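Undergrad: Sequence:
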Amino acid sequence: MRSKPKVAIITPGSFPIPSSRSSSVETVVEMQTNILQNDVDFTIFGKKAKGMASTENKGNISFIRFTYQNWTRYLTKVITKLSKLNPDIIQIENRPKYIPIIRNKFQKVPIWLSLHSTMFISSPHIEKEKLNSCLHQADKIIVNSHFLKNYLIVQTGCEANKVIVNYLGVDIRQFQSKWSIDQKSKIENFIKQLNLEGRKIVLFVGRLRKIKGIHKILQAMPSIIQAVPDTILIIAGSAFYGSDRRTSYVDKLYGLAKDFPEHVKFMSFIPHAEIHVWFEAAEVVLVPSIGHEAFGLVNVEAMACGVPVIATNIGGMPEVIEHGRTGYLINTQNIEVELSNCVIQLLNNPKRIKRLGLNSIDRVKENFTWEKSANRILQLYNQIVSEK
1 MRSKPKVAII TPGSFPIPSS RSSSVETVVE MQTNILQNDV DFTIFGKKAK
51 GMASTENKGN ISFIRFTYQN WTRYLTKVIT KLSKLNPDII QIENRPKYIP
101 IIRNKFQKVP IWLSLHSTMF ISSPHIEKEK LNSCLHQADK IIVNSHFLKN
151 YLIVQTGCEA NKVIVNYLGV DIRQFQSKWS IDQKSKIENF IKQLNLEGRK
201 IVLFVGRLRK IKGIHKILQA MPSIIQAVPD TILIIAGSAF YGSDRRTSYV
251 DKLYGLAKDF PEHVKFMSFI PHAEIHVWFE AAEVVLVPSI GHEAFGLVNV
301 EAMACGVPVI ATNIGGMPEV IEHGRTGYLI NTQNIEVELS NCVIQLLNNP
351 KRIKRLGLNS IDRVKENFTW EKSANRILQL YNQIVSEK
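Numbering (UniProt numbering), first residue to last: 1 to 388.
Since the hints were derived computationally from the structure, they do not count as laboratory data. Small disclaimer: the values here were computed from a predicted structure and weren't measured. Among these hints, one or two may not hold up.
[As the list claims (entries may be wrong)] So the derived label-pair ranges between C-beta atoms look like this:
1. Ala53 / Asn348: 52 to 58 Å
2. Arg246 / Ala273: 21 to 27 Å
3. Asn70 / Val154: 27 to 33 Å
4. Glu366 / Lys50: 38 to 44 Å
Glycine is no exception: its CB is placed at the ideal position from the N, C-alpha and C atoms.
Please build the complete structure, drawing on both the sequences and the hints.
TA: Given below as structure tokens:
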């Protein structure tokens, strides 16, 4: 009987794992490894937060954690422990600059980079010459969209055959259809708790950063309110994961919202385990990113709940959202006008909201579940073991 693949995953060290206050990188790792823990021998390296054990087994997954001072010290600690493991694969999450240091110590072990966004393959995080060297030393690069694959190849000249697309997923047990009879009373009770009965909820979920385009929603709100006066925009998120610390951009958002206070509600950071309730309560979810969004987990999470998404036609968004069938894709050069038009069209047409929402659920089940995502990566792991 063939042994299970032995995979060491090095998370960036920026956030603890598992934790309700982690980034999407840790969420992806947690979801995929939980599904594959009976098929793969996982050891996950990450940040130690207060109250967390340095070493811990959860199910069949081993966690090894360190306090994080800086990335080089973190990697030194990782290497010390990793040297005793003899893994089949070392998988580095979203930090190309970690590759040369790990490669220097583990020259015969396949090293994979799991890349989640364009951020850490761009300046100021890494210079182009250094990036090219890092990517050259990776045996495989896993990306979450064809957009990210093409971006990587064009920007770096990376060999196309070692870049593999594996779409992310959504937990369809957590993110359930808002249209089911079971969910209806739960949603009504939640809306009642918020004192928002009779209001049409338009929702943004994510970090409050300029690149996410939240200011564009607020600039579109006056025309939306004029056409649909019972609209309320809920902005769920903060500038930093797990923190309510304000930035000048967040102050700007509050400034834009002060002209229509009855129509905007800011919610601070919401743990991932609770976010599905907000999606289910919404009529429509907005993702007006003005930067390269590689995939956008929020898209598939909203879609799984049966909520249409209006997003900018940028990055990996068109690979997830089918324009006119599951939601709408809008032009980045005309966000306020197109966003306003699409929101008004939907809020005035509940039947269309439901039709797009049900189409969204079908699309998620066909393409974007964690089971499908995890099984694709399992095939890659097994391939390495079978070649040994």
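Undergrad: Give a verdict on every hint.
TA: Results for each hint:
Range check, Ala53 to Asn348: about 53 Å between beta-carbon atoms, so the 52 to 58 Å window is met. As the Cβ distance of Arg246 to Ala273 is approximately 25 Å, the hint placing it in 21 to 27 Å holds. Distance hint for Asn70 and Val154: a CB-CB separation of about 32 Å, consistent with the stated range 27 to 33 Å. Checked against the given bound of 38 to 44 Å, the beta carbons of Glu366 and Lys50, roughly 42 Å apart, stay inside it.
Violated hints are absent here; each numbered hint is respected by the structure.
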